[in-house]
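A.B. asks: Each chain, written out:
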Amino acid sequence: MTVKWLMHWQPKPGTTLSTQILTEACQCVESIGGQKDGRWRSVLTFYKPMQRDALVPVDHPRDFLGLALQEQPAKYYFILRPNRIVLEADASIQVIMEKLQSYKARVTLNFEGFQYKLGDFQLRVGKCVPSASEALRGIMMEVEYIPLSSIDKSRQVLEEFFDIWQETISKKSLPGHFMHIESNFADYGLQDRYTSHHTAVQYATCMAQLIAAVRC
Amino acid sequence: MTRTRDRTLSKWSVSCKGLLKPSCGRSEGEENWREKLVLQHVNALEILLHGLCGVPKEQVRVHELCLKSGPNLGVVPSEVRLLCDLAHPTPSWTVRHVGGAMRGSGADQISVLVRTVVESKVSNNVLRFFYGLGYKLDHEILKVGFAFTFHRGAQIIVTVTSAHKMPKLHAIEEALPITPNIHMVEITAPATAENYNEVVAAVSAFCEYLAPLLHLSKPGVSAGIVATATAAAASLMSNSASKPL
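Taken in sequence, the protein lines are chains A and B. Under numbering that gives the first Met the number 0, the first residue of the first sequence carries the number 0, and numbering increases by one thereafter. Under numbering that gives the first Met the number 0, the first residue of the second sequence carries the number 0, and numbering increases by one thereafter.
I should point out that these hints are in silico values taken from the structure, not numbers from a laboratory. Owing to the predicted nature of the structure, the values given are computational and were not obtained by experimental measurement. Some hints could be false.
[Unchecked claim] The calculated DSS-like cross-link candidates involving lysine-lysine, where the alpha carbons are at most 25 Å apart (straight line), are:
#: 1; chain 1: B; residue 1: Lys217; chain 2: B; residue 2: Lys167
#: 2; chain 1: A; residue 1: Lys116; chain 2: A; residue 2: Lys3
#: 3; chain 1: A; residue 1: Lys103; chain 2: B; residue 2: Lys120
#: 4; chain 1: A; residue 1: Lys47; chain 2: B; residue 2: Lys120
#: 5; chain 1: B; residue 1: Lys120; chain 2: B; residue 2: Lys135
#: 6; chain 1: B; residue 1: Lys142; chain 2: B; residue 2: Lys164
#: 7; chain 1: A; residue 1: Lys74; chain 2: A; residue 2: Lys103
#: 8; chain 1: B; residue 1: Lys120; chain 2: B; residue 2: Lys56
#: 9; chain 1: B; residue 1: Lys217; chain 2: A; residue 2: Lys98
#: 10; chain 1: B; residue 1: Lys164; chain 2: A; residue 2: Lys103
#: 11; chain 1: A; residue 1: Lys126; chain 2: A; residue 2: Lys47
#: 12; chain 1: A; residue 1: Lys116; chain 2: A; residue 2: Lys152
#: 13; chain 1: A; residue 1: Lys98; chain 2: A; residue 2: Lys126
#: 14; chain 1: B; residue 1: Lys120; chain 2: A; residue 2: Lys98
#: 15; chain 1: B; residue 1: Lys164; chain 2: A; residue 2: Lys47
#: 16; chain 1: B; residue 1: Lys67; chain 2: A; residue 2: Lys47
#: 17; chain 1: A; residue 1: Lys98; chain 2: B; residue 2: Lys67
#: 18; chain 1: A; residue 1: Lys103; chain 2: B; residue 2: Lys142
#: 19; chain 1: B; residue 1: Lys217; chain 2: B; residue 2: Lys142
#: 20; chain 1: B; residue 1: Lys120; chain 2: A; residue 2: Lys74
#: 21; chain 1: A; residue 1: Lys126; chain 2: A; residue 2: Lys74
#: 22; chain 1: B; residue 1: Lys135; chain 2: B; residue 2: Lys67
#: 23; chain 1: A; residue 1: Lys98; chain 2: B; residue 2: Lys135
[Said to hold, decoys possible] Which stretches of chain A does chain B cover? Using the computed rule of at least three CB atoms under 8 Å from a CB of chain B, they are:
#: 24; segment: 38-51
#: 25; segment: 89-100
Backbone N, C-alpha and C fix where the C-beta goes; we use that ideal spot for every residue, glycine too.
Just chain A, same shape as in the assembly (with noise of 0.2 Å):
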């Protein structure tokens, strides 16, 4: 699988998220030579345990996360951040957790919108809404360098795209910002070759990051 960094974006203080930047942000895409290619729609899930006895402390954890991607369907992915632990699983396995009763879903969240076309690089430009309502909860775009599967030797290459595209965005004098955040992915046991692991720690971490800035 080849390398993907994932973005979100960054408001600035005191404005809000609107549709109106993931619109800006596709034109952006397209004005430097994105060619449209179809959609996109990857699904995130926070789960809590559920409890017998709700008056005893739960000691369980509380960053307990699972992906579908898109490029993975028969894939489910769990990501258990205290313990820096992704579990790559076959979908069935959501069945095994509904049927243990244990862990109940507590928010879903819908990452959707247009992927892109741009010579070596898949682009995909997305918003996140929870599943139970439209409100915008963030921009998202991942940016894909299709020729390398080493995170070390792509790393350049996707810096220097990071560059371009700050600049082209920053044209359009948002309120805000793109922002990659990088992922220690030698805590998950993860190597320099890519998978959709990767992937699923990059969206764990983005999300850490997204509800810390809710709460500022």
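Given chain A, put chain B in place with the hints provided.
C.D. replies: Structure of chain B alone, referenced to chain A:
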């Protein structure tokens, strides 16, 4: 769960079990002789199965870990099994959840067990994952033997294994047989809510072919051993020696 589920993910399983245990009149002290007799029974069963199935056997070496939910976790206590397939150079892991058995007068009338079974292949950090969720190891065993997978009215898997316990945590190489002279024979067939009647009939019919060597019944229900199994095993071994399969 949020994604649209393919209903075929909710699978049923039709199964029955039996014990391959030679009966003998000799004293318990003659272990060498007893081991040879067990081997004869197992080999005879293998010959019989090979003749019936027409496919080569597969090696079975599975490290099975049974995990249970910790205190206060879950609406109800839950149990999940992690299966590590050690028969191939690269171990692979599966999570299995076994649901409740079909109940009612229909279930009572059939000689096999019908229940839901859901499995998922997982990455090899699954044990750490479930520990992180609050599950605890209840027990672990190593199952060693062979299996035949074939189609006879339905896809059927016949597994013949001996169970081993580990003296220390995860010490597979030091595993010892729990019941040295007994092998478990399990016949399993995947089914759905729409076709389980046909699968039940196929499994029941196949069980009849094994009657010379062992009785099969619902898991948890003892069917006893076949008194003439030793003679049948000897006959099978003799026939196979004179006629190549």
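A.B. asks: Against the 25 Å threshold, does the CA-CA distance of B/Lys120 and A/Lys98 hold or violate the hint?
C.D. replies: Between B/Lys120 and A/Lys98 the Cα gap is close to 17 Å, so the pair holds against 25 Å.
A.B. asks: Would you mind confirming whether the straight-line C-alpha gap from B/Lys135 to B/Lys67 stays at or under 25 Å?
C.D. replies: holds (5 Å)
A.B. asks: Between A/Lys103 and B/Lys142, is the straight-line Cα distance small enough, at 25 Å or below?
C.D. replies: Given that 25 Å is the threshold and the Cα spacing comes to 33 Å, the pair is violated.
A.B. asks: Taken at face value, is the distance from the CA of B/Lys135 to the CA of B/Lys120 at most 25 Å?
C.D. replies: holds (20 Å)
A.B. asks: Has the given pair, A/Lys126 with A/Lys47, been kept, meaning a C-alpha gap of at most 25 Å?
C.D. replies: With a Cα-Cα distance of about 24 Å, the restraint between A/Lys126 and A/Lys47 holds, given a limit of 25 Å.
A.B. asks: So if I understand the rule, the pair passes when the alpha-carbon distance is 25 Å or less; does B/Lys164 with A/Lys103 pass?
C.D. replies: The given pair, whose Cα atoms are some 34 Å apart, is violated under the 25 Å limit.
A.B. asks: Has the given pair, A/Lys98 with A/Lys126, been kept, meaning a C-alpha gap of at most 25 Å?
C.D. replies: Violated. A/Lys98 to A/Lys126 sits at ~31 Å, over the 25 Å cutoff.
A.B. asks: Hey, B/Lys217 versus B/Lys167, does the alpha-carbon distance stay inside 25 Å?
C.D. replies: Distance ~32 Å between B/Lys217 and B/Lys167 Cα, so the pair is violated.
A.B. asks: Hey, A/Lys103 versus B/Lys120, does the alpha-carbon distance stay inside 25 Å?
C.D. replies: Answer holds: A/Lys103 to B/Lys120 is near 21 Å, not above 25 Å.
A.B. asks: For the pair supplied as a hint, B/Lys120 and A/Lys74, confirm whether the alpha-carbon distance does not exceed 25 Å.
C.D. replies: holds (9 Å)
A.B. asks: Could you grab the alpha-carbon distance between B/Lys217 and A/Lys98 and see if it respects the 25 Å cut-off?
C.D. replies: holds (23 Å)
A.B. asks: Are the Cα atoms of A/Lys98 and B/Lys67 separated by 25 Å or less?
C.D. replies: Roughly 13 Å between the alpha carbons, so the hint for A/Lys98 and B/Lys67 holds.
Of the hints listed earlier, those the structure fails to meet are numbers 1, 10, 13, 15, 18, in rising order.
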